[in-house]
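Asker: Residue numbers (my numbering), protein chains in the order written: chain A, 18 to 235; chain B, 12 to 159; chain C, 254 to 913.
These are computed hints drawn from the structure, not numbers from a lab.
Backbone N, C-alpha and C fix where the C-beta goes; we use that ideal spot for every residue, glycine too.
Take these hints with a grain of salt, some might be off.
[To be verified] Output of the computed footprint for chain A on chain C, the stretches with three or more beta carbons under 8 Å from beta carbons of chain A:
1. 442 to 451
2. 479 to 485
3. 495 to 508
[What the hints assert, rightly or not] Derived pair list, reagent style BS3-like, types lysine-lysine, alpha-carbon separation capped at 30 Å:
4. B:K127 <-> A:K185
5. C:K278 <-> A:K185
6. C:K543 <-> C:K787
7. C:K686 <-> C:K543
8. A:K115 <-> A:K185
9. C:K787 <-> C:K801
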Amino acid sequence: MAAATGTYEIKNEHGEVINTSTGLSNKKLLMWSFLGSDVMFFGSFIATYLVYRNRSLVGPYPADILDIPITSVSTFVLLMSSLAMVLALSYIQQGRQKMGTFWIFSVVVLGAIFLLFQVYEFNHFGQVGLTPRTNLFGTTFFILTGLHGAHVTLGVLWLIFLGFGSIKGSLRADNAIDLEIAGLYWHFVDIVWIVIFTVIYLISARDVGPPGSVPGLH
Amino acid sequence: MSNFWNKLLYHEGRGWWDLPRTQWQDPNPQMEGPFGHGIAPIKRTWEIITAANYHHGTPWFYVLIGAILSIITIVEVWAFTWETLGGLLIPLMLVLSIAKFILVVGFFMHLKFDRKYYAWIFTACMIIGIGIFVALLLLLEYGNQTQQ
Amino acid sequence: MQTTHPGPSREPISLSFPRIIPRPKSEYGIWSWISTVDHKRIGTLYAVTSFFWFLVGGIEALLMRVQLSQADSTLIDPEMFNQLFTMHGTTMVFLVVMPLSAAFFNWLIPLQIGARDVAFPRLNALSFWIFLFGSLFLNFSWLIGDAPNGGWFGYAPNSHVAFNPTNGMNFWVIGLNILGVASIAAGLNFIVTILNMRAPGMSLTKMPVFTWMTFVTSVLIVLALPVLTVALIQLQVDRLYGTHFYNTAAGGDPVLWQHVFWLFGHPEVYILILPAMGIVSEILPVFSRKPLFGYSFLVFAGVAIGFMGWFVWSHHMFTVGLGPAANSAFAISTMAIAIPTGIKIFNWIGTMWGGSIRFSTAMLFAISFIAMFTIGGLSGVMHASVPSDAQQQDTYFVVAHFHYVLFGGAIMAIFGGIYFWWPKATGYMLSEKLGIINWLIMLIGFNLQFAPQHWLGLDGMPRRIFTYAENMGWENTNMIASAGGFLMAFSVLLFMINVVYSARKRVPAGDDPWDGRTLEWSISSPPPHYNFEKIPNVEHRDDFWFTKHPELIAEYYHDEHSGELTAPSGAQFDEDAADEEDEHAEAHAEEHHGDDEHGHGGIHLPDMSYYPIILAAGLTIVGAGLMTAVPVIIIGTIVLLWGLLGWSFEPVNDPVPDSH
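Looking at chain A on its own, in the form it has when it is part of the complex (with noise of 0.2 Å):
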């Protein structure tokens, strides 16, 4: 995608773009522009989630249901999927090939795990009756938590890409540009799960709902 929205840049040896009027690279500029975008479009959500707490009628509410060892997991591999982005980046860009391959499909693995998570999360949350037409706190969760996993989900099939691109040799320490936006891409989707993780759960995770509320499943 970015990878290939092919622009006019020339490199000298050190792999430093050198034809822009400011020295930087044109899809690094569009990557960080579009996180800059991004920053807005989850900063709505978020503020959406913030503006419904503790406003839903009915039950379920966030202390019935959400479980924070599980999230503390798949946090922590959201994180360890960052640090392989990272580790991938540095081979990649060294040009030692073959750990930039192993790197890049850990990344991909970490962020499928992550996704399954989800996955099961979602279910066990339609199972016990939270489901997005539930009530406000199962809509804004739902939607959320799940536009953030359609961007997982995103970032996964690039990395994919991008990981047969590295087998094959088409992505070698000359381009790892287009490796290293992708690597912001998922860095920023990492960022946006620290916020969510913190929002939604640590700090709402005791809400009972609003006073006067109907009890939830307890």
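Once you have looked at the hints, place chains B and C on chain A.
Answerer: Below, chains B and C alone, put in the same frame as chain A:
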């Protein structure tokens, strides 16, 4: 940055705003900052911690950052189970997650090593985003009389 | 992924994706337009498409004016009237003013900054095709008789499925989301283009004001459109899948939509007007034969508007009951934003002051922009006062206000821009005689229509009513307004006649018919597809003008700090880069620009591609599928993936066997 505004405001200027030359137009003004030289030791410590003199992190450096991130996550989950925190929970969680955020953005996304341009872009977007959404939350929390 | 570019040695890569259709090669005919990645052609496509929607939106407005021209009229029923004003607003904002501005961005930005194309040519094509399909999708609702009817702001829960069960708002929600993708892609593209593709020597402070305003607009687009996207997604899942974001029965907050929408909506206002301000800032100095007065202040004011525009949104909601503290804060910030706007107006007047003015059509449009925009701005400041706004909210006074800024402002400037740059784009002149008549009738018609609406509004006539009773005393004023509307329509007709007439007459324009100032006038009209045979070296603001009139350099520019007349050219591309101790990168860059100057052999332009239109079609099919059936989504996804993969594996330039 100051150079940029200098250029923008005084670029080969000739007009009614052509004010007398002031000290801040000097090409290399003394950068004292609000605390004078008082923060030099802190700055030095920060530089040592963040490996500021390296242009790229080594793999082991990234592993170290990953370990710090994991530790912070563990602390978060542990603090969450700590019932006595009470009202301190939310500020503590915010501080810890901001720390994680900065570590990932600064080192994994290379903002610390990279050209400052990228950092400005991202920071500017974060400032506008945080500014308007905090304002929105305040408005809906305290301003909205129709909710009562 | 595998761009082959004239960089350090890169052998061709064997990885490939089966090509179902061959790469387009034709330079002429419809397929060359469909597969084009040339910014000038894309600009033309934007202009033609959005002008078409301008006519559609205008017809919608005329229907409403006919209905309102007399009391108790029964020509249009209330449901139809709702659809008309909703689609008129949506069309004019998203399908006319924004893409017409985008047409100017596309045509002018690479020319003004001395580049051969935008940073991401195929992404640019993608933006256009998504825009086209999105606009068709939105207007397709007319064909099934179910157009959106919830206002261009789509206030929830009024637009919620409980109160608005027809399909219209689904079209609106999904259509605007599709259009949002196009806008964000274009915005990102222009941010990168303006930052990265400037000719040597063109620092940020030497950029033309239009380029600056485009930059600010692009930043606003990139940051504001996601907020709209979020609001639309929330409404979409509410409407289609029964979630509760805006379902008041489940505790949803009716005020939240207003906040989120206007968080986007107010920056959007500046997205609409800043390009117009940029256009006017280009026209005025040329026809005053004087450099722009207070360049720095104009730029600074534009940036300040772009920033402050984020913190005024609640002035659309003064009557909601946000409480005195919030209302006062937003009243103050709204009044404060008039300051940078006022700075701009004084700078434009200062530009004309003492100049030897030529009253060409473009200049007349630009001057009437200043006047009309000032009137609209002043009525805007009236709304900033909370008690006054409480009186004016939802009346025709507001309608008059925003038409003064959006038609009297944005559209006037855009027409001025068309008359100004038409010779550059086509190579021949538009008739000035017809042009001046066009301008005069448009100005008279516009004021005839919208000035009386101030009185109507203060007299209490509400917006969005489909008719009114006979004894309200509004008939005469409404009749005048409707007559003005038809006069405006006639002026647009005159413009089209002018286009046809000039196309037949073909008065050659020459490269520089107006004694222009910026780089686009230094090349032939119409520009060659590679724009600049030699990438120019920029030394001054208005570099081309000072190249033509070197004797004026000393008069207008002196560097009192160093005593030199001019800074050495190209010594710094950019202040910010210079701050970061990498002069060597710039030195390399300059060497490279040197390489490019070996004539055509050094010019590398991207090859044409079908994938942007395929990708855009896939996205639109997915959007349509969200409303209809899952199989459609699957088909759309397949097309989308085809476009995405084909795009990724397609090199920007097919390797030429005997190149270099």
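Asker: With reference to the structure, classify each hint as holding or not holding.
Answerer: Against the structure, the hints come out as follows:
no.	hint	result
1	442 to 451	holds (count 7)
2	479 to 485	holds (count 5)
3	495 to 508	holds (count 8)
4	B:K127 <-> A:K185	violated (34 Å)
5	C:K278 <-> A:K185	holds (29 Å)
6	C:K543 <-> C:K787	holds (27 Å)
7	C:K686 <-> C:K543	holds (25 Å)
8	A:K115 <-> A:K185	holds (11 Å)
9	C:K787 <-> C:K801	holds (17 Å)
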